[in-house]
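Visitor: All letters in the sequence shown, in the order written, are residues 305 to 559 by this note's numbering.
Hints in this document: simulated from the structure, not taken from any laboratory.
It is possible that part of the hints are untrue.
To be verified - Now the in silico label distances, taken between C-beta atoms and shown as ranges:
| # | residue 1 | residue 2 | range |
| --- | --- | --- | --- |
| 1 | Ala374 | Pro428 | 54 to 60 Å |
| 2 | Gly381 | Ser409 | 24 to 30 Å |
| 3 | Glu466 | Leu403 | 44 to 50 Å |
| 4 | Val522 | Asp421 | 25 to 31 Å |
Even glycine gets a Cβ: it sits at the ideal position worked out from N, Cα and C.
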Amino acid sequence: MVRLFRRFFVEGAAVIGVVASGIAIATAVGGLEWWWLGVPVAWLPILGYFAYLLLARPSTHTRNLWPLYAISVAGVGLSTLAGPIAVLLALPGLAAILLYSYVYSRQHVPSDRIRVDAPLPDFPLERTDGSATSSAEFITRPHVIMFYRGSWCPFCMVQVRELAEQYRELDRRGVGVALISAQRATDTAELATKFDVPMGFYVDADGAAARALDLVQVGGTPAIYSAGTDGNTTVPTVVITDARGTVLWVDSSGN
């Protein structure tokens, strides 16, 4: 159930929100029953936030979403003046923004399989051409290693772009950059061509590396995408190692 909820939440909320808002707007305009506009107001925060993620360059930092909750509550309150049917259409909008904030966006908390001052654990990987390799490739020089969810994740793409912008300085200092995702090799290869710097892109085939490192996010891949991991994805994680492969810093996103 958790996997299904996470995989279909975004698409389901978007479809229900658009349909409910369309019904309410048509009712309001057609019958001059303006209180029905409380329904799209209730759905505005979650639908607007999804649009922001798709169309903008979102921040990777947590935002204060209280104003969005307030807008949605106001919409539900307005819909009460239109009657119980309007309320039933509006309430899921408030539920959607709360579920997104406090359930859907929460990430699995990994165990300490990656520890500071300890060697980087061994885990299997593939290159984009399908050839096998492993984390042993990263112990020949210092590395910034980023596990990202996929090209579909707007937050991950912000981090990938930021690393690309810093790549030349990192390379000048002798630091390698490795980006790892469980998404399809073709998607990773396509992403790699978008940047004119030779960052290392790797495929976590079947999520084997994420399992070895306890970085599996159950059901984190939206249903319209395929990662070859039964819908699971990776907790966004950054690891920095030194030239001996010792972990200097590690951070996993909690939300």
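Visitor: Please test the hint of 24 to 30 Å on the beta carbon pair from Gly381 and Ser409.
Guide: holds, 25 Å
Visitor: Is 25 to 31 Å a correct range for the gap between the Cβ atoms of Val522 and Asp421?
Guide: Since the Cβ atoms of Val522 and Asp421 sit about 30 Å apart, the hinted range of 25 to 31 Å holds.
Visitor: Taking the CB of Ala374 and the CB of Pro428, does the distance hold inside 54 to 60 Å?
Guide: violated, 48 Å
Visitor: Could you say whether the range 44 to 50 Å given as a hint is met by the Cβ separation of Glu466 and Leu403?
Guide: violated, 29 Å
Hints 1, 3 from the earlier list are contradicted by this structure; the remaining hints agree with it.
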